[in-house]
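When you line the sequence shown up against the UniProt record's numbering, it's residues 1 to 169, in that order.
Think of the hints as simulated: they come from the structure by calculation, not from any bench.
Note that the structure is predicted; figures quoted are calculated from it, not measured.
Cβ coordinates follow ideal geometry from the N, Cα and C atoms, glycine included.
Heads up, some of the hints might be wrong.
Label pairs and their in silico Cβ distance ranges [claimed, not checked]:
hint, residue 1, residue 2, range
1, Ser92, Thr163, 30 to 36 Å
2, Ala120, Leu82, 17 to 23 Å
3, Val91, Asp117, 17 to 23 Å
4, Asp114, Leu81, 20 to 26 Å
5, Ile48, Ala93, 16 to 22 Å
6, Asp117, Ala162, 35 to 41 Å
7, Gly100, Asp52, 17 to 23 Å
8, Gly98, Gly50, 36 to 42 Å
9, His94, Glu148, 30 to 36 Å
10, Glu144, Gly47, 35 to 41 Å
11, Val99, His128, 24 to 30 Å
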Amino acid sequence: MPHSLNRQQAPKGLNAKNWLAEAPLRMPMNNLDPDVAGNPNALVYGGIIGRDHLDSGSLASPNHETEAMRYGTDAISGWSLLNAVSGATWVSAHHGGGVGMGFSQYASMVIDCDGSDEAAARIARALHNDPATGVLRHAVAGYEIAIECAAEQGLNLPMVAATQGQGKA
């Protein structure tokens, strides 16, 4: 007679789904009215916004995501850590990311949304600085599209302007 294991069933519900399964359920957030989507703090009485290493503003991985960056630096924590402390309630710094321990630096963050003016300021700062740090990194590396994006968005990059003869060092 074969040995019978007491099998546990996998959890069910929204919390048990992977991101591919959850994505269609979360997509309506992308279609919110801009006034509502631009002020997530007003949507909740209490809650959080969280993000894992989302983009080039929150990670430094020379052997993976940022391997082709023109400036060719090692895994420097500064970019990701400065980004994560822009107003986050909880910051997580980690490394590895599938490329080996010590070869990458990532930062995740969670922002508390409690409806207060202070939370609104932290949310605005953190959600602005995340992509802005990515634009900054690419502009400093000399990518024209990032330099143009920075100018269009009013991102002040004196170190880039100085190298292009547009400002003071």
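Here is what the structure says about each hint:
For Ser92 paired with Thr163, a C-beta distance near 34 Å keeps the hint of 30 to 36 Å intact. For the hinted restraint 17 to 23 Å between Ala120 and Leu82, the CB-CB distance of approximately 21 Å keeps it satisfied. Distance hint for Val91 and Asp117: a CB-CB separation of about 22 Å, consistent with the stated range 17 to 23 Å. For the pair Asp114 and Leu81, the supplied restraint of 20 to 26 Å holds, since their beta-carbon distance comes to about 24 Å.
Taking the beta carbon of each, Ile48 and Ala93 are about 18 Å apart, inside 16 to 22 Å as hinted. At roughly 36 Å, the beta-carbon separation of Asp117 and Ala162 lies within the given 35 to 41 Å, and the hint holds. For Gly100 and Asp52, the Cβ-Cβ distance of about 19 Å falls inside the hinted range of 17 to 23 Å, so the restraint holds. Remark: the range hint 36 to 42 Å for Gly98 to Gly50 is contradicted by a beta-carbon distance near 21 Å.
The hint said 30 to 36 Å for the Cβ distance between His94 and Glu148, and at roughly 33 Å that hint holds. Distance hint for Glu144 and Gly47: a CB-CB separation of about 39 Å, consistent with the stated range 35 to 41 Å. At roughly 28 Å, the beta-carbon separation of Val99 and His128 lies within the given 24 to 30 Å, and the hint holds.
The structure shown violates just one earlier hint, number 8.
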